[in-house]
Amino acid sequence: MDRDAQAVPDLLSQPGARELIVIATPDEEAIAKIVEVQRLATGYFGWVKPQKPETLHMTICPLGEWDGEPASLTSARRICADVQGRQSTTTLVRGLSFNLKRKKPYVLAAAKAHPDLLSLKHQIVDALRASETRGESKSLTPHVSLNWGHGLVPEHPLKQPIEWRTRGIDLIISYIGEARHKLVERWLFKD
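Using this note's numbering, you'd call the opening residue of the sequence shown number 175 and step up by one each time.
None of these hints come from the bench; they were simulated from the model. From the three backbone atoms N, C-alpha and C, an ideal C-beta is built for every residue, glycine too.
Pairwise CB distance ranges (calculated): (1) R303 x I350: 22 to 32 Å; (2) K356 x T265: 24 to 34 Å; (3) S249 x K356: 14 to 24 Å; (4) G217 x A304: 46 to 56 Å; (5) G217 x R268: 11 to 21 Å; (6) L274 x L214: 15 to 25 Å.
Quick list of in silico lysine-lysine cross-link-like pairs, DSS-like style, CA-CA up to 25 Å: (7) K286 x K333; (8) K275 x K286; (9) K277 x K356; (10) K226 x K275; (11) K226 x K278; (12) K226 x K356; (13) K277 x K223; (14) K275 x K223; (15) K207 x K226; (16) K278 x K356; (17) K207 x K356; (18) K207 x K286; (19) K223 x K333; (20) K223 x K278; (21) K333 x K226; (22) K207 x K333; (23) K207 x K223; (24) K333 x K278; (25) K223 x K356; (26) K207 x K278; (27) K226 x K277.
With the sequences and hints as input, model every part of the structure.
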């Protein structure tokens with residue numbers, strides 16, 4: 175377990191909106207390529223606050239938001255520990271903006287979800303439903319968000335695909351609207 179994960183109970187009691195999220199983290203080589211695309215896009219679109227390299231990740235499944243009283247960390251850890259995953263390759267091939275109600279994040283996305291990533295999402299959603307925690311959609315658009323809310327960018331192919339091996343999952347606390355998160359725990363797959 176990460177040394178910082180021992181400080182999690184104190185973090186959960188602090189004020190402010192937070193969310194527990196299960197993510198996959200790109201490797202260092204992929205992060206460097208993503209940051210280069212982000213640098214070019216930031217210059218082209220004139221973005222002011224791009225995502226920090228250490229916060230770049232691919233969301234697999236949100237587990238719940240809270241402000242004040244925390245979501246069940248024990249349940250979230252159990253769900254993640256029970257996930258049966260295999261290493262798989264993620265390939266980002268396009269850039270686009272999601273047209274969400276309040277935000278328009280610019281993302282790098284895969285053409286479709288790898289079957290192993292979909293399996294991870296389905297296992298987590300099934301566990302959430304079984305624990306009556308919440309009903310989350312089983313759909314998944316693998317993507318890495320580079321910037322939030324600066325207008326819609328039409329879908330376009332990347333000049334060079336960005337690829338990495340998903341070697342495990344991380345449970346994080348995301349500080350909503352603050353562009354930062356804290357690692358709770360990491361589980362590596364056995365492949």
